[in-house]
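Chains as they are written, first to last, in UniProt numbering: chain A, 1 to 659; chain B, 1 to 659; chain C, 1 to 659.
Rather than coming from a laboratory, the hints here were simulated on the basis of the structure. Everything numeric in this text was worked out from a predicted model, so none of it was measured. Every residue, glycine too, gets a C-beta built ideally from N, C-alpha and C. Heads up, some of the hints might be wrong.
Not everything, but these chain A residues come out facing chain C in the computed CB check (under 7 Å) [what the hints assert, rightly or not]:
1. PHE36
2. PRO63
3. TRP65
4. ARG68
5. PHE78
6. GLY80
7. ARG81
8. PHE85
9. HIS89
10. ASN297
11. LEU299
12. ARG301
13. THR348
14. GLY352
Derived CB-CB ranges, DEER-like [to be verified]:
15. B:ARG100 with C:THR37: 48 to 54 Å
16. B:ARG236 with C:SER261: 33 to 39 Å
17. A:ARG82 with B:ALA539: 52 to 58 Å
18. C:ALA600 with B:ASP172: 46 to 52 Å
19. C:VAL367 with B:ALA539: 37 to 43 Å
20. A:ASP172 with B:THR38: 22 to 28 Å
21. C:ALA600 with A:GLU79: 56 to 62 Å
Only some residues are given here: those of chain A computed to face chain B with a beta carbon under 7 Å [as the list claims (entries may be wrong)]:
22. ASN156
23. HIS157
24. PHE163
25. SER165
26. TRP171
27. GLU173
28. GLY394
29. PRO395
30. SER396
31. ASN474
32. ALA475
33. LEU508
34. SER509
35. ALA510
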Amino acid sequence: MWTQDHELFDLAHVDTVTVGVFAWALTQPAPDVYDFTTLDAIVERAAAEGRDVCLATGTGAHPAWLARAHPEVTRVDFEGRRHRFGQRHNSCPSSPVFRRLSAELARRIAARYAANPAVVAWHVGNEYGGACYCELCTAAFRDWLRDKYRTLDRLNHAWCTMFWSHTFTGWDEIEAPSALTEHWRGPDHTAFQGITLDYLRFMSDAMLANFTDEKAAIRESDPDTPVTTNFMGMYRPLDYHRWAPHLDFASWDNYPPDDRSAARMALTHDLMRGLKDGQPFWLMEQTPSCTACRDVNPLKRPGINRLWSWQAVAHGADAVLYFQLRASRGASEKYHGAVIGHAGRADTRVFGEVAQLGAELSRLGGVSLGARTPARVALLFDWDSWWALEISDGPSRLVRYQQVVLAYHRALWDAGTDVDVVPVTADLSGYDVVVAPALHMVKGDLAQRLEMVAARGGSVVTTFLSGRVDEDDNAFLTDVPGPLGTLMGVRVDEWDAREADVVNPVRLSAGGEELEVASRLLFELVIPQGADVVGTYRADFYAGTAAVTRNTFGAGHGWYVAAGLEQDGVSWVMRQVLDRHGLVGPYADVADLETAVRVAPDGTRLLFLLNHAAVAVEVPACATGVDLLSEQQIERGQPLSLAPAEVMLIKCDGAPAAP
Amino acid sequence: MWTQDHELFDLAHVDTVTVGVFAWALTQPAPDVYDFTTLDAIVERAAAEGRDVCLATGTGAHPAWLARAHPEVTRVDFEGRRHRFGQRHNSCPSSPVFRRLSAELARRIAARYAANPAVVAWHVGNEYGGACYCELCTAAFRDWLRDKYRTLDRLNHAWCTMFWSHTFTGWDEIEAPSALTEHWRGPDHTAFQGITLDYLRFMSDAMLANFTDEKAAIRESDPDTPVTTNFMGMYRPLDYHRWAPHLDFASWDNYPPDDRSAARMALTHDLMRGLKDGQPFWLMEQTPSCTACRDVNPLKRPGINRLWSWQAVAHGADAVLYFQLRASRGASEKYHGAVIGHAGRADTRVFGEVAQLGAELSRLGGVSLGARTPARVALLFDWDSWWALEISDGPSRLVRYQQVVLAYHRALWDAGTDVDVVPVTADLSGYDVVVAPALHMVKGDLAQRLEMVAARGGSVVTTFLSGRVDEDDNAFLTDVPGPLGTLMGVRVDEWDAREADVVNPVRLSAGGEELEVASRLLFELVIPQGADVVGTYRADFYAGTAAVTRNTFGAGHGWYVAAGLEQDGVSWVMRQVLDRHGLVGPYADVADLETAVRVAPDGTRLLFLLNHAAVAVEVPACATGVDLLSEQQIERGQPLSLAPAEVMLIKCDGAPAAP
Amino acid sequence: MWTQDHELFDLAHVDTVTVGVFAWALTQPAPDVYDFTTLDAIVERAAAEGRDVCLATGTGAHPAWLARAHPEVTRVDFEGRRHRFGQRHNSCPSSPVFRRLSAELARRIAARYAANPAVVAWHVGNEYGGACYCELCTAAFRDWLRDKYRTLDRLNHAWCTMFWSHTFTGWDEIEAPSALTEHWRGPDHTAFQGITLDYLRFMSDAMLANFTDEKAAIRESDPDTPVTTNFMGMYRPLDYHRWAPHLDFASWDNYPPDDRSAARMALTHDLMRGLKDGQPFWLMEQTPSCTACRDVNPLKRPGINRLWSWQAVAHGADAVLYFQLRASRGASEKYHGAVIGHAGRADTRVFGEVAQLGAELSRLGGVSLGARTPARVALLFDWDSWWALEISDGPSRLVRYQQVVLAYHRALWDAGTDVDVVPVTADLSGYDVVVAPALHMVKGDLAQRLEMVAARGGSVVTTFLSGRVDEDDNAFLTDVPGPLGTLMGVRVDEWDAREADVVNPVRLSAGGEELEVASRLLFELVIPQGADVVGTYRADFYAGTAAVTRNTFGAGHGWYVAAGLEQDGVSWVMRQVLDRHGLVGPYADVADLETAVRVAPDGTRLLFLLNHAAVAVEVPACATGVDLLSEQQIERGQPLSLAPAEVMLIKCDGAPAAP
């Protein structure tokens, strides 16, 4: 079968393979036995065939013998139940035996294969995630807390334990927050936000330690080959911003929830690119056809695999890989899409499309490798705010962090604006516009840095439920929006939350433009403290009061969106902001025609046009250059026609602009 | 901050403060250390400022050190899981160490503060509730059963254990009924209703013992100051009728599910007033603005806090308090509404409305204190029937006790009739009308007492699913409705249950009035045994048969409503009944204009008018007197206009009557 | 009360009673005490009254003392929780003490009553089902696996453990697949289908061993009286085809989900009759009026109990019994319908209808006893395919085995065709048509046997998701549909799954007939390999491609239905097939008029006509003979009128045929 695999890989221009991701039981079949026979054969064959290898340490699932010998290596779940051997991503991150053996396996694999030039990257673990609530993790949590707070007084103050008689008088009184302690109705409902927030941070750090354990072991024999692990995009349990410095490059697995996810994927790519300051990433996994893990697993339509792969490249991917190359014979992923199906055919539609894309990418060579996105807009993405917002009791469980962020990013995406999605600690000095949706928690000097953006003429946009809590999730004992109040020029005393079917229309008005849009879920009542009113509520007892404001701050603006505007309202606001800075893209009014720009290390400017619409679009060219896919010359202004799912990649002679 | 608090309390006319509710960790920071320094300061300051103090024992949540030292003090949940330290209301009621230490704390607090004249009430525990299923509770349950049944034969008979091979041959074979024993699909699905019912009774008693433990400890040093705990209205787990004799006055926390709950709140106030035979109660908690614990937490509209506070007074409250006075800095209630927000402002809308109401209440002085409601209608509310109905397998899980009771109470409320909501053991001799919705269980001499009501000319109303089981939840081995059959003059052999979307219209007809209304969920097939048919089904194979009957019994009537009538049908039936007794209020046809009467100890008759409608209403005055709020003289028959949320409190010269 | 019972039994023509089903606590009140006093009295009285007795061993629920003395006798649930005493069907099937004591009880009961001629059948246990996940079961599972696979290599291959590092290196590393090991989101979501599938098989076998334990004990003293247990129709946890050889006759309890279940009940009766190769079965339980265990328990309409009882007879029942004869006084079935209600009346509608049916059955005598159904159509029903399909990850959780089977059976039922529902191991040589819906797993020589059906001129019909996996649930490494490909003449490379609201219309066309129907949920993309295209998709990128095909194979056909056709599409396909073989019944176009034929041992041909419609139907008679119910002579062609719920039982002079 390997021979057939490699023949088909050649047909499909597969030049890089990830191997060994779940090979622990294979490579260490017993406590004292390491056996690399099969892995040797796989790597040697791949190398011999001229393929690059992304070599996994294989620690994403432990072997059965380990769970039998050390029951504490399995996890205890949120419900307090000790699991036994099964599934994957099943190791307690605090288990000493897991930490020792996983590092040892990584050490031996690195020692064995580091010298093989085919190995171009190390793949540690797999899709880190989940959580453990065992005694070992509880003990480790206490240590983590001791490191952080030093004294119980500081911890009690941070967690506001005076509330509900929670004052801790000994470190060993502290429990992991779970269904058996602080939680009810699941992980988002906690009696003590501070405890839960710290446990989320701790668990993210604990798994990061598993990663760095293995990376350190690899570095013992290989000082250079880059090390990564495959992230999962907007994955709530892990704060990838805390992880990113420890990876040599970012990589992620793109399994969008449905086939209407173009904007969502764009955001996620931007987030992944932002992890390491704009450095290109790998798309480590995607299905060529369908998933298996969903209740309903639709098929990718013709052209979609190609379109989405190019979208990844457009947003910063330097590599595009698949899961899976050949369909598993059995178990839970046997129906997950594969480049090569169970019958081993090369004449399927799916294989054909993979091969066509492979050929294109081969033909393009390295033109986009290492290219950067020249964004002048930053969107702040903050795991702490995500966590704090969604574990909060009140004002509304219906307000979801991702939905708010998606709406603001989508407004930018629709406008054809390149965006960097960055952590709150990022350097903001290079951006014209900074958007901070639902920035619930404001930490450190962020408020001052946002003020500096506005002071020098930039625009800062934030929304309802921003500026509410400090880094311990305690309320600022000031007017809302806390440290953002000066920049925003508003004060919020009250807020109203309503069921999803309640609409309060908002009348937006600026520069002669007017629009009435719907808002839902959350309605803050704004008392302007110097800000201009741009939008007003039209209903309820607060009809006529401010729903959207713009405050002049230095040479720039602070925008405050107090209402849960629907997409058209968000888009209207963002267009006002982008217009001021001349950042609206050339096809902002063409629905689902995505544009993205990358600038290669040699200065080459690449313009990607991606038609996500179900219909063909016709637009005038916004740049002069060569479409590297069709190899046709394009003159600015000439009519371009893109069929559904069509892609153009124009190597531009100058900067693109509205034609 | 305390100084600011008291300045603001003065502005808001806050004259009473509840303190120390969750102070256990503060007042007993270690097993052998009691420290009242902070509580002393709080109480002394409050007293010095001239405020009354409702002083809590603070045992609603145990301290972390206690859970660490005595793991058995935490609860085991319905799923059989031992909890660890967290949340509140977290103590096993059967735990000896909890019982000892909670009583000891109450003892010490009472000893320390009993002499302080500022202390006007003792607040024991907090919102007792939940349940525990641990070994200690199981053992205590067995003891409770032994006390109740004396012999296993009696227990086996009561529980009908012959069914499904359940005969118990030793007391220690009995388990607490939980997800691990008799239950599936949650607490309402049990294989043995009798076991589950007794456990509900036992658990209510076990928590009551926690209350009486502390009360007894308080009484050691304070023989007089009244002792209460804050109830939660229609709260299923605790039989407040069994608790009420042990409280010196009732108090409760009013957090209605939504802002359309005026009728529901009226019922709940009536229920709380009925706990102690009509004696006034305290409204111990309400939010001035919004809750935080719901998925969606809407804001109270302008005027609503005042309207609802006056509604409490109208139904028997002698005190109106808030939770919370100042917003918590952190944890799960930091977004719960507060009189004083995080910024400490007095110029917010919410503070302003609280202060306005405070001023009104101050101005009124004690005019309504100790006043009683002169109701001639009693509605029976019975925890045993609630439990029995809702843990029953068949005929319909969709029939919910509260919904049935709410519909009948609402009919009375809409009609402007004062109602006492009383236990089945109440003296019924003073009532013209007794309504017993869904009285599933009929105990003791209740049937005879109801017959006496009718015999002397009164009206008794009951419904489907009444008179089905005895106090052990065993079916009466007679025709349905069991002991109510003679009074009702009907027999029921069959009953049909249908999904919520199935309607059977019922044609109602009495005294020349006709109406066709919808009925749903449950349809009993009635064979009249002397009763007159007032309503008939219009559909299905039982079309034309009786759905509502009225039986002449002595000088009065027994009404049987066999169908799940919707509100308009229930209201029609109740209007027939009230009309006969001349009990329809003056504004029965004015939607959402509530009236309530209280008679002060000096005979002063107070008429409350509360406009719950979203629009202004205009009505002729039904009484002559003085509106104590506007200080205006009112002449009977003069037009009155009440804006939305407006309240009038008329000190009447005579009894109100239709103008 | 027994006296009244027997008087009423006489009135109702109750000639057989099942007794002792949950009598363990009664017959063995302590470890060393057996007491048959009460059971003696019951059996003696029944015998004296001339009634037959179906005598239960009473082991469907263990006594409380047993659970107390041997906690391991209770089950551990899927969530890993050890249960304590409660409910019923509560014994761990692997518990040695349960196995020993249940067999001993059966042994003693058989020894005591075997000689009593009133005992006509033994009823072992009750509604076997559920599952256990305890240590004892885990150990027994390992033994079962060792017996099956002999070596771990074979097991690892069968379970495809190379996936996700699951290779087992010791038998004791294997865990029962549960929420604590391989599962998430419940029993259908498993990481390893092979493990879960084998546990389902093991658990079915383990409970079967409980049955055979008791049967063997009975056989020690009674070599002849037939032994059964009451099945539950389409009950997923137990593979009744593996059980059937061990029962002397099949019996089952018919509690359909609603009153529109006529077709479903027909399928289930056919399945039960097919368990023992067409041998008649008993309808062991049905309610005369209503259930109690559902959320909503509607009443059986007038005539329905009779109609459904006759339907059972029409499909092969030789006995029709009720649960319950007298209503339980208490516990969870006190509101379950009963022949005799709590009041003990004979003048209720329900009792009257039971008595009417009893009189009819008495009058008919033994005319239908032992009769067989002369079906020429077989429908394959396969627990392995059911399990494999529903525990599969991908392609769609919305495709449910029962729904697919129901649709194909319903098409046959609507067409008035007698159908045998048989296991995949059945002898197919006698059938003209074999229908295999969703035959996910193809085992042994089944594909060849299906080919033989077609080769000799028969028609074989299968659908999407058939022929996918081998008996270990591993994918066939060939084109889909695996071993069925040759017979079907198609190849499937891709499949699309969509949410339930997505419709792809299918244009069907054959023999000049055309129809456009809806398909949903699953859409396989068919590449014909010789088959004719009968139906084509009308939408999506695969519009115009094959959705239904018919392949000529030998003298017959293989039909492949690749799309999730709605009922009208399935019916159209099946009518094409039946037409070819002349198997469409006389009233195929009369909605809800069911026909069924049984041929008695003496050759008498009985035609049942059952009107399930809510309206009367008029049809010409399709046979000449005598309606045994009305005792009227029928001439073929004469008009017959059947009121709603009416039944005719025509003893035919010849074979029925379209009039």
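Each hint tested on the structure:
{"no.": "1", "hint": "PHE36", "verdict": "violated, 15 Å"}
{"no.": "2", "hint": "PRO63", "verdict": "holds, 6 Å"}
{"no.": "3", "hint": "TRP65", "verdict": "holds, 5 Å"}
{"no.": "4", "hint": "ARG68", "verdict": "holds, 5 Å"}
{"no.": "5", "hint": "PHE78", "verdict": "violated, 12 Å"}
{"no.": "6", "hint": "GLY80", "verdict": "violated, 11 Å"}
{"no.": "7", "hint": "ARG81", "verdict": "holds, 6 Å"}
{"no.": "8", "hint": "PHE85", "verdict": "holds, 5 Å"}
{"no.": "9", "hint": "HIS89", "verdict": "violated, 9 Å"}
{"no.": "10", "hint": "ASN297", "verdict": "holds, 5 Å"}
{"no.": "11", "hint": "LEU299", "verdict": "holds, 4 Å"}
{"no.": "12", "hint": "ARG301", "verdict": "holds, 6 Å"}
{"no.": "13", "hint": "THR348", "verdict": "holds, 4 Å"}
{"no.": "14", "hint": "GLY352", "verdict": "violated, 10 Å"}
{"no.": "15", "hint": "B:ARG100 with C:THR37: 48 to 54 Å", "verdict": "holds, 50 Å"}
{"no.": "16", "hint": "B:ARG236 with C:SER261: 33 to 39 Å", "verdict": "holds, 35 Å"}
{"no.": "17", "hint": "A:ARG82 with B:ALA539: 52 to 58 Å", "verdict": "holds, 56 Å"}
{"no.": "18", "hint": "C:ALA600 with B:ASP172: 46 to 52 Å", "verdict": "violated, 58 Å"}
{"no.": "19", "hint": "C:VAL367 with B:ALA539: 37 to 43 Å", "verdict": "holds, 39 Å"}
{"no.": "20", "hint": "A:ASP172 with B:THR38: 22 to 28 Å", "verdict": "holds, 25 Å"}
{"no.": "21", "hint": "C:ALA600 with A:GLU79: 56 to 62 Å", "verdict": "holds, 59 Å"}
{"no.": "22", "hint": "ASN156", "verdict": "violated, 9 Å"}
{"no.": "23", "hint": "HIS157", "verdict": "violated, 9 Å"}
{"no.": "24", "hint": "PHE163", "verdict": "holds, 4 Å"}
{"no.": "25", "hint": "SER165", "verdict": "holds, 4 Å"}
{"no.": "26", "hint": "TRP171", "verdict": "violated, 10 Å"}
{"no.": "27", "hint": "GLU173", "verdict": "holds, 4 Å"}
{"no.": "28", "hint": "GLY394", "verdict": "holds, 3 Å"}
{"no.": "29", "hint": "PRO395", "verdict": "holds, 5 Å"}
{"no.": "30", "hint": "SER396", "verdict": "holds, 5 Å"}
{"no.": "31", "hint": "ASN474", "verdict": "holds, 4 Å"}
{"no.": "32", "hint": "ALA475", "verdict": "holds, 5 Å"}
{"no.": "33", "hint": "LEU508", "verdict": "violated, 23 Å"}
{"no.": "34", "hint": "SER509", "verdict": "violated, 25 Å"}
{"no.": "35", "hint": "ALA510", "verdict": "violated, 28 Å"}
Hints 1, 5, 6, 9, 14, 18, 22, 23, 26, 33, 34, 35, counting from the list given before, are not met by this structure.
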